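Trainee: Throw the hints in and build the complete structure from the sequences for me.
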Amino acid sequence: MKSLKIAALLLSTMLIAPLQAASSKTVRLSSDFTYPPFNYKDATGKPVGFDIEIADALCEQAALNCEWVTLAWDGLIPGLLSRKSDVIMASMRITEERKKRVLFTDKYYQTPASFVAAKDATFNIDKAGLKGKVIGVQVGTIHDNYVTDVYGDVAEIKRYTGQDQVYIDLENGRLDAAFANSDQLVLAFLEKQAGANFALKGKLVTDKAYVGEGTALALRKQDKKLAEQFNTAIAEIRANGTYDKIAAKYFSFDIYGQ
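832 is the number of the first residue of the sequence shown in my numbering; add one for each residue after it.
None of these hints come from the bench; they were simulated from the model.
No false leads were mixed into what you were given.
Derived DEER-like restraints, expressed as beta-carbon distance ranges: (1) Asn896 <-> Gly983: 39 to 49 Å; (2) Asp984 <-> Lys1076: 45 to 55 Å; (3) Leu912 <-> Ala1025: 28 to 38 Å; (4) Glu891 <-> Gly1004: 40 to 50 Å; (5) Ala1079 <-> Pro943: 19 to 29 Å; (6) Pro909 <-> Lys1034: 27 to 37 Å; (7) Glu928 <-> Phe1084: 26 to 36 Å; (8) Asn896 <-> Thr992: 28 to 38 Å; (9) Thr953 <-> Lys1056: 48 to 58 Å; (10) Lys1056 <-> Ala1027: 46 to 56 Å; (11) Glu927 <-> Arg859: 19 to 29 Å; (12) Asp951 <-> Asp1000: 15 to 25 Å; (13) Asp1000 <-> Asp1075: 28 to 38 Å; (14) Asp1085 <-> Asp1000: 26 to 36 Å.
Model, not experiment: these values are computed from the prediction.
All C-beta atoms in this analysis are idealised placements derived from N, C-alpha and C, irrespective of residue type, glycine included.
Mentor: Structure (structure tokens):
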């Protein structure tokens, strides 16, 4: 009888162990951390920003054990597909081109894009006005795609690995204009001392062919179950007030969008 109890105990342990291992698997979230106030690192090297807090809330809501991985922006999708990470959480917009390679969750925010230039700049944001001008963008982004397609034949496109580098060159006069997420331009540049002499220029760009259908987490296409866990968590933190509480720390407007 004792041997039967021991055998039963061992069998129970064997059945529970795999479940515990599965539930404790670490989900690796990747970002380039060059995009304040959405994702960047503080003076100690700790990931901070809106994306980071939303990710933490989603992982907690979904009972997932998550950790961060640093990858260059243009290495985020290759890194995901080669299993250097499991999820991209880096303010990546949903676009048709990216959908061919990755599986997106539901959006967690949605904003337009815009040009920024010196307040006293006299050129218009059109082909005639930008002819011969130098435009700065982060390489491999939808912003890069847009200015390349629309203005690449008349302007010089200067590409950077991080958005923060764009701002440095814009402030120092090495760029005539820059193009990026409009809200990020305002929050990370125009509201800072470095951007005091600059302003948004031209009309907001809302073309879904470029700015996409919102900003979401990206996963490998086969990881549908994990994507659904994040989708459920997004809906839950929207419903229980967690999302709004986090957003209010960073924005004075509705970052979630329509």
